[in-house]
Amino acid sequence: MKKNKHNTEFYLRLYKQMTKIRVFEDNANQLYLDAKMPGLTHMYSGEEAVAVGICEALRISDKITSTHRGHGHCMAKGANFNQMFCELLGKVEGYCRGKGGSMHIADQANGNLGANAIVGGSMGIATGSALRAKLQKSDDVTVCFFGDGATAQGLMYEVMNMAALWQLPIIYACENNGYSEYTTTEEIAAGSILERARAFGIEAFNVDGQDVIAVNKLASDLVEKARKGKGPFFIELMTYRYHGHHVGDINRTYYRSKKEELDWKNNRDPIQILGSFLESEGIASDAELMEIHSTISREAKDAVDYALNAAYPDTSEVDLHVFQEV
Amino acid sequence: MPEITLSQAVNQAIAEEMRRDSNVFLIGEDVAEAGTPFKVTSGLVEEFSTERVIDTPISEPGFMGLAVGAAMTGSRPIVDLMFGDFLFLVMDQLCNQAAKIHYMSGGKLNVPLVLRTNLGATRRSAAQHSQSLHALVAHVPGLKVAMPSSAYEAKGLLKTAIRDNNPVVIFEDKLMYQDKAFVPDEEYLLPFGEAAILKEGRDVTLIGTSSMRQVCERAAILLDKDGINAEVIDPRTIVPLDENTILNSVKKTSRAVVVDEGHQNFGTTAEIASRISEKAFYYLDAPVIRMGAMDVPIPFSPVLEDLTVPTAERVAENARKIVSGELVHAL
Ligand SMILES: Cc1ncc(C[n+]2csc(CCOP(=O)(O)OP(=O)(O)O)c2C)c(N)n1
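In order, the protein sequences belong to chains A and B.
Per the numbering used here, numbering of the first sequence is gapless, rising by one per residue and ending at 326.
Per the numbering used here, numbering of the second sequence is gapless, rising by one per residue and ending at 657.
Treat each hint with caution, since some may be false.
[What the hints assert, rightly or not] Derived CB-CB ranges, DEER-like:
#1 B:N591 - A:G191: 37 to 47 Å
#2 A:D314 - B:H465: 27 to 37 Å
#3 B:D550 - A:E260: 57 to 67 Å
#4 B:T376 - A:V322: 16 to 26 Å
[To be verified] Stretch by stretch, here's where chain B covers chain A in the computed footprint (C-beta under 8 Å, at least three residues):
#5 29-43
#6 70-82
[To be verified] Residues from chain A that face chain B, not an exhaustive set, calculated with beta carbons under 8 Å:
#7 I118
#8 G149
#9 A287
Treat the hints as calculated values from the structure; they're not laboratory data.
Even for Gly, the Cβ is constructed at its ideal location relative to N, Cα and C.
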């Protein structure tokens with residue numbers, strides 16, 4: 001690997017972005033455990049390289065759609081801690097004024113068209129956004145994030161067909177973390193997920209979703225092609241979620257072993273993998289990486305305190321935004 | 327009589343019917359080892375094996391369609407739809423197919439299936455996991471709709487649903503799964519189209535579906551303190567609807583408040599209120615009051631979400647207004 005200034009800065013940025021997501025999730029989980037967060041939430045921890053590797057290949061006007069496990073996508077596409085935590089706590093300064101919560105964070109200013117609590121529910125939206133880009137003759141690209149479980153939704157095949165017919169600038173990014181809820185992917189997916197995309201004539205790739213540099217390299221390549229009208233593309237990213245399906249899914253040995261979890265955490269952690277690379281290349285020392293972590297942790301703690309003390313929406317907001325004023 | 331949770335009641339009903347009739351099977355997402363996210367079907371796979379307790383991919387229209395076809399050819403499927411909100415995904419198979427097949431075939435084909443799903447807000451689950459969509463399916467001829475209000479109703483109505491030769495949609499309140507009620511030791515079924523009078527009264531009729539029954543019961547206690555004697559009725563099924571019990575009550579009390587967790591506009595409350603107005607018009611001393619969920623997508627923030635559903639206090643307040651004559655025109 002060649003060391004130049006640009007790469008050095010870029011790699012450190014990848015590291016920081018992934019750390020931000022991990023730290024965000026650790027704090028969100030703690031808010032849940034302390035009974036300070038209403039409802040449930042789905043942790044992205046373990047999958048950071050997917051969102052960061054892909055979103056770092058995008059520019060702000062490119063669009064993404066996200067999922068119920070969406071905090072990572074939001075952060076990677078530029079969201080800030082304060083508004084994120086405020087939304088998780090139902091506060092008016094949150095991204096959706098407290099109306100959406102964890103599963104519905106949308107951040108239009110950064111090109112994030114929103115998380116979705118309907119599995120596969122964003123596939124039409126993402127493909128429509130790509131259609132819009134094509135109609136406008138803009139070279140913006142849309143990335144549709146979804147889990148392996150969502151590949152069971154029929155909608156996916158309807159929109160992939162149209163995307164392929166019309167060469168839409170979209171990348172379907174399947175985050176294969178091995179499970180949909182409490183069921184393994186083998187039990188819910190027949191044949192090969194990649195071949196399904198290929199059946200539509202869509203070029204499809206498999207990549208190690210724990211290797212942020214590999215993800216970013218592939219994504220950058222495909223994004224550039226999609227900008228030139230060579231889309232759509234499909235990527236299957238092999239990854240793992242560290243926590244339960246949601247924060248309340250604590251006793252999970254009946255569907256996956258502690259050993260398996262530890263193996264991923266100890267040997268295939270995306271942040272550790274990049275960290276070791278940075279150290280071995282002399283880009284950053286262990287101490288410097290620790291410093292990054294503690295700086296981000298302090299920022300997150302401040303944001304949590306901010307959100308805990310922030311105001312709830314005024315009750316008059318309950319029927320605001322059902323329709324937009326014309 | 328043992329006291330069991332609503333979740334156990336549903337589990338027992340399914341197990342009993344599966345033991346009785348080998349044509350019955352259960353199908354849905356994470357219904358087997360996981361026993362659904364609400365742990366309602368836990369243990370069934372151990373007894374009936376994965377052949378009759380079938381985990382599916384996340385393909386709601388797909389397994390709904392499979393159930394329709396299996397039902398048309400002799401099975402009696404129980405479809406588990408994890409959240410009522412996912413009804414929007416299965417609407418074609420349910421409403422264009424299952425609901426109409428018996429009629430369209432001139433009575434030749436039938437679709438004996440049960441779609442079990444849930445309703446209910448205030449679980450802080452936001453707009454796509456909090457809806458109460460029973461009015462939507464009640465609108466479609468050919469579908470029966472049951473709304474159990476406690477473990478007792480949940481068991482008796484579900485067993486009836488499984489034996490019915492038509493498609494039945496049954497809505498459990500997801501916040502009530504751990505609520506307990508007394509259930510007989512011996513087998514029992516609750517007939518469709520028979521409302522329950524939970525408390526007799528002479529001043530006002532409170533009609534509450536599903537968990538709104540408890541809201542009405544609590545409202546009746548509040549009203550008692552003001553010397554207002556409320557009658558409380560749970561329709562149990564909205565298709566078929568036991569009009570007689572409701573009309574007879576209103577003829578006695580001359581006033582009614584209809585409470586339901588679906589959206590108020592074009593909803594279950596509207597249907598029941600208009601039947602009362604049409605068929606008991608000359609007995610009424612006040613407009614019939616509808617109280618449904620506020621007509622907004624259910625918001626996440628607790629301070630907003632709590633405003634969207636009827637509460638005992640608000641039901642009592644409206645009842646007081648129509649009893650005192652303070653309210654002459656509808657709200
Ligand atoms: C249409 C629909 N069906 C079911 C669910 C319930 N549900 C939420 S997440 C989930 C599993 C999704 O698995 P996957 O797509 O692999 O994403 P992951 O949770 O693994 O990130 C299910 C079944 C839902 N939200 N929407």
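Hint check: 8 Å Cβ-Cβ cutoff, G149 of chain A to chain B: Given a least distance of 5 Å, the restraint on G149 of chain A holds.
Coverage of the stretch 70-82 of chain A by chain B, judged on three or more residues with CB within 8 Å: violated (count 0)
C-beta pair D314 of chain A, H465 of chain B: status relative to the range 27 to 37 Å that was hinted: holds (35 Å)
Assessment of proposed distance window 16 to 26 Å (beta carbons of T376 of chain B, V322 of chain A): With a Cβ separation near 44 Å, T376 of chain B and V322 of chain A fall outside 16 to 26 Å, so the hint is violated.
Stated coverage of the stretch 29-43 of chain A by chain B [criterion: 3+ residues, CB within 8 Å]: holds (count 3)
Range hint compliance [Cβ, N591 of chain B to G191 of chain A, 37 to 47 Å]: Roughly 45 Å apart at Cβ, these two residues keep to the hinted range, so it holds.
Cβ distance range 57 to 67 Å for D550 of chain B and E260 of chain A, holds or violated: holds (58 Å)
Interface hint status, A287 of chain A versus chain B (Cβ within 8 Å): This hint is violated: A287 of chain A lies away from chain B, its Cβ roughly 41 Å from the closest one there, beyond 8 Å.
Residue hint I118 of chain A, partner chain B, criterion CB-CB below 8 Å: holds (6 Å)
Going down the numbered hints, you'll see the structure goes against 4, 6, 9, while the others check out.
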